[in-house]
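S.K.: Construct all of the structure, not just a fragment, from the sequences and the given hints.
Sequence order for the protein chains is R and G.
Just remember that the numbering used here sits 174 ahead of the position in the first sequence, which is counted from 1.
Just remember that the numbering used here sits 12 ahead of the position in the second sequence, which is counted from 1.
The hints are simulated quantities; they were obtained by calculation from the structure and are not laboratory data.
All figures in this text were calculated on a predicted structure; none of them were measured in a lab.
Virtual Cβ for every residue (Gly too), placed ideally from N, Cα, C.
Warning: the hint list may mix true and false statements.
Taking beta-carbon pairs under 8 Å as the criterion, some of the chain G residues facing chain R (in silico) [what the hints assert, rightly or not]:
#1 Ala-171
#2 Thr-174
#3 Ile-175
#4 Leu-178
#5 Gly-185
#6 Phe-319
#7 Phe-322
#8 Pro-327
#9 Ile-341
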Amino acid sequence: MKKSTAIGLAFAALLVSLLLSVRLGAVPVSFAELAAVLAGRDHSLAFIVMEVRLPRAAVAVLAGAGLAVAGAILQTLVRNPLASPDVIGMTKGAGFAAAAVLYLLPRAPGYALPAAAFAGALAAFVLLSALSRRFTLSPSALALVGVAVGALFQAGIQYLIVRHPGDLNLALLWLSGSLWGRGWNDALSLLPWIAILLPAAWWNFAKLNVIQLGTDTSTSLGLHVPRQRFGLMLLAVALAGSSVAAVGAIGFVGLLAPHIARGLVGSRNQWLLPLAALIGADLMLLGDCVGRIVIVPREVPVGVMTALLGGPYFVWLLKRGRRLSRH
Amino acid sequence: MTDRTFPEKQKRPAFLLFLFGAACFALAAGFACSLKWGTAHVTWRELLEALTLRGEDKAHLYIRSLRLPRTLTACLVGMQLAIAGLLTQLATRNPLASPHVFGINAGAALAVVCGLAASAGLTATQSVLLAFAGAAAGAALIGALAGGGDSHPVRLALAGITIHFLLSSLTEGLILLNAHTTESVLFWLVGSVSQAGWLQARTLLPFAAGGMLLLLLLLPSLKLLALDDELAAGLGQKAKAVRAGAIVLVIVLAGSAVALCGPIGFVCLIVPHIARALAGHRLPVLIPLTALLGGALLVYADWLSRFIAFPFESPVGIVTSAVGAPFFIYMALRKAGGKP
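M.R.: Structure, rendered in structure tokens:
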């Protein structure tokens, strides 16, 4: 597929799913009503559209893009197709730190949450790289160790939840990830992170392209690999951490989106990164939409929908890897 | 398991005797701790009186109707999960395998939550039967994936844990969808024996006993599982049937444990490894030791879980995850170390 066509299609899909996610839900909004709301003529639905659905969609787009780009960078950095923020335990680490701030320091200012999530994601990544540096790991072994690191943080999240009984919705938000009750302040606290980090990631596409060739080649091409790798890694951690702070430990978006993008435009990062961001946003929006309309008026958290989609894909990926390695 | 091709040095009978003595003592001490210390204060004297059925005070009743069944349930669940883990590892010849890692526990949990969603009043036996169905479905899923049977252990474990995540996120979604969710469901989801009473212990006992009986019947042929498939086929066609029997046993043991106490993680993974490191690979020694250590581990973990957020209860699953996940990391690293 031509690269510009792919990006155009993904963008069109984003617009369509944005429209759908504003229209669909417990209270359906027709096109005419939507137009009336946007023109400022309808005040009965204005609250639902402007204060509930739009901010929610905005959070979905920002977090989906953040997770997807974090996944794309990680897959390039560790040269492992199975890597993604959730598989290597990063989202759980971020979720644990964010939940700790929410439960233990309820009066912390708004910017503390993404910062804590960043620290948690960083801790998980440092732990994993410390473990995998001592032992040279195969792709699936790294993923398995990452999953186990995630299980450790998961136990921490569960501890916080049962220690502070109360809102079950909030609790399950941190366990599976959800967009339930996200508002403009969540969108606004996520926006600066994504607005700075996404262009920063794209700015580095040339370095990522070189790193993809392997350490030896990149060194001989004049790249200081450890320093660049460290900077890019921080970028991925910050993207994943800030996204998790907004939506909880949503799985598989960071794995799926870069894979789909790579299948469409290949692995050159100047195309891969924007397409992955768009597809990640699409996945989150659509997952949220479907989760909201399958059992009205209750809703399935978006984390469950992405797991339903991503879990089978991940297993298929493993099976394919096995077949490839055997031949 | 890694060096089964080499004839193993037999452990001396005296050492084994000492080992079983120590394991029994550890279990008994765990029982004593679990009965004595907890949220409510109980004196040794009251404990002794309660156990010998003397005295009708509040403390005596408390011990007899709350702490004793809880401790017994923890012990039974620990034994069942540990044996289920050992059998899974034998049947798949994969040291990273366990019902938890392979999504069997999560399948059972999902089936029970489905049942709860359909009808609020689920009896203990009904939920056990549902859990069997769910565990079997989980096992079938991983069986379909293992397919060729020549999967690399690490890759199979990774596929299994993905299924585990998939099924448990479905369970979480279902719980959110249900209006009558309470704190206790959340506790159960993490794995907890804190609400176990005589009803749970009584429901569990026949399955534990039946499972152990079946295990005794299978014991002479379980050795086949350690052999290579060609070698087993050369000795007769029984290997497949034995493997199927072992998996049915895993479903019964793990399923009934999960139905009553939730998907308690990692006990089933670590206990067989500890037992194997201590007693070697001979099954007639390994199986009872695994059961004893599994019971002891869960009794201690349950006891510990009462204190991590004292005076509130915490689910025992948190303790087992905190202990088990690092162990799992260690195992995965050892299994995968050195491979490019």
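S.K.: Hint by hint, which ones does this structure get wrong, listed from lowest number up?
M.R.: When the structure is compared with the hints, numbers 6 and 7 turn out to be violated.
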